[in-house]
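Asks: Protein chains in written order, with the working numbering: chain F, 1 to 207; chain Y, 208 to 368.
Hints listed in this document are in silico derivations from the structure and should not be mistaken for laboratory results. Here the structure is a predicted model, which is why all the values come from computation and not from measurement. Hints may contain errors.
[To be verified] Coverage of chain F stretches by chain Y, computed from C-beta distances (three or more under 8 angstroms per stretch; other residues unrestricted): (1) 24–35; (2) 38–52; (3) 121–130.
The C-beta atom is built at its ideal place from N, Cα and C for all residues, glycine as well.
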Amino acid sequence: MNAQALLGLADDELVLGWRDSEWTGIAPMLEEDVAFSSIAQNEIGHARAVYSLLSDDPDALAFDRELEEYRCAPLVELHLLEWAHTIARRWLYEVADEIRITALKDDSDAAVAGLAAKIDREEAYHRMHAEMWHDRLRDEPRFRAAVEELWPYALGVLPAELRGELVARVGLDEVEAIERGTHTDELAPMWEEMTIVRRSAPSGAQW
Amino acid sequence: MVAEAQVWEALEEIPDPEIPVVSLVDLGVIRSVDVANGHVRIEFTPTFLGCPALEFMKRAMEEKVAELGAEPEVQVISDDSWSTDRITPAGREKLRAAGFAPPAPREATAPKLVQLQSNAFRCPYCGSTETRLENIFGPTPCRSLRYCESCRQPFEQFKTI
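The shape of chain Y in the complex, shown without the other chains (with noise of 0.2 angstroms):
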């Protein structure tokens, strides 16, 4: 019989595909894990609505609890249950070693344009907070670009969600 444990740990080895340097876990995507009689329901809070690797991310979920020799399924969860205050400490510590900026924490209030204007956002490498907007979008929708005028690299800068 598969534990709820052995499928969080499978889980946790499924690389988000455009960032791999953090897990499915580490993103805190997955909202639940439920085994009964052989049968894995997994509850999937995708990041963004029109992500790509959306059907890839289900796929590899299914991979890994069939592997574990369960019947899975895997229910895409399409409300706003997730937020990217539900990236993991470790998740955030991941992200920024890799060069990206982690999320700040989601306010009671949408973020607003004055606020990513703003220089509250602290450089990945070299920990400064003379930063720039340098464009709301990124190369995924996920982020947003930035440039320290500390140490004048340019970064990612993950969107409050």
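Next comes chain F alone, as it looks inside the complex (with noise of 0.2 angstroms):
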């Protein structure tokens, strides 16, 4: 896989780790607050294991872009307070990126496949949280909307060659992704917040 698209799949952690910790302290059961905040912790550890493979300083790559530098794709930018929606575009993402992933496990560069294998180990709770949900919320209208307006979204989070299968294990038609390289609006009051402390203290901020 690219720089560029590794990068993308960085920032897919990064700010889909920093929308999961959103539900910290207000989730609507305790149990789901536990899981929101491990889950983001976890995706926000892969994206530094993966800026780590791309640079010395992964704290850099992570707060010290421009917005438009950022490669996520626009479902992980999304401000979802609302539950259907959030366990949607969850399972969504967590479909998506286990195809991402195990495609990445055969990379050619081994430090790579290496890292796709220790991230895949700890996506299997993701996929089963995304997957208990799904099973208890599949027949709600409420929760299909969710997941039929996100699924255009779901779709850019993968290149064109791997979307074959999403569609296959989603179970929708395919229609036009809404491709990563524009951003939503959602994303500028995140990176806003996001980057606030390494932009207000560029030398380095001690604790």
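Take the two lone chains and join them into the complex the hints point to.
Replies: Shown next, in the form of structure tokens:
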């Protein structure tokens, strides 16, 4: 996988980790508060590990770029504080991410393949969480509507050659994807918040 | 001159920052120790990539090696060479005694939700397998929460990774 695609993967994990962490303290039940916090922590850990493959300064890659330089898929940018949409995104993202990580485990670069295998082991538990909620909500109209609304975004997580498997697994017709490369309006406020410490203390903050 | 065995002994003294009953050696996260000309190279495999204690453990290892009068180099290995199967038998027993159910052995395929929902997991307090999954996630990413129907005790189950 080329560096640009790896950067996209890392940015997806960083931004989704940030979005998932927005449920910390306010999830509809304590179990989900704990689950979302753990999942967010893992996703941000994956972002750090992939940034570390690309640079000796993963923090700089995570926080010092301009908004336009982020390569994340629009799916992960959406500010969703509504449960059906949140679970629909988690499920769609995990299905897409599994397809991407499985492909990456066969990457010709041993460091990339090894890291993908490590990430895959942790993601197994995110998939279980998504599957558990999907099983519970799959017949709920509100959940179905959320899945359909987010479907063009989910396709945009994967490169075109991997989308066929996503279509087969999700069971919806292929539509025009909302591609990575342009950002939704919802990323800017998040970027402001995420990067404010680094921008306000460019020479490094001491804790 | 520092001997490899001394380094292992010193590393044995570093507790896991989150579960201090086990050491880094018990957890099996030290993949190798190489000693050459006063230089000690340690290969360290983190449990979870998002573990917030990673830097802390790295510094603790560097300090231990420096105390032995050697030059430390800790290499963090981010591949899948660590699994919960690398936790030593002594480490598993220490976990169980502290109320953490040790992880089930890893199988050829990734663990599945139905397995977690089955009652194949043993309560670390009373030994019953009449336990149910409460939450896939727990206080840290490496643990799930279960409840023992037999002794009515909630407990933490190490995830199989």
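Asks: When I compare C-beta atoms, does the stretch 24–35 of chain F have three or more residues closer than 8 angstroms to chain Y?
Replies: Satisfied; 3 residues make the cut.
Asks: Tell me if chain Y covers the stretch 121–130 of chain F under the three-residue, 8 angstroms CB rule, please?
Replies: holds (count 6)
Asks: In terms of beta carbon proximity below 8 angstroms, does the stretch 38–52 of chain F have 3 or more residues touching chain Y?
Replies: Contact hint for the stretch 38–52 of chain F vs chain Y: holds, 11 residues under 8 angstroms.
Violation of the numbered hints given earlier is absent; every hint is satisfied by the structure.
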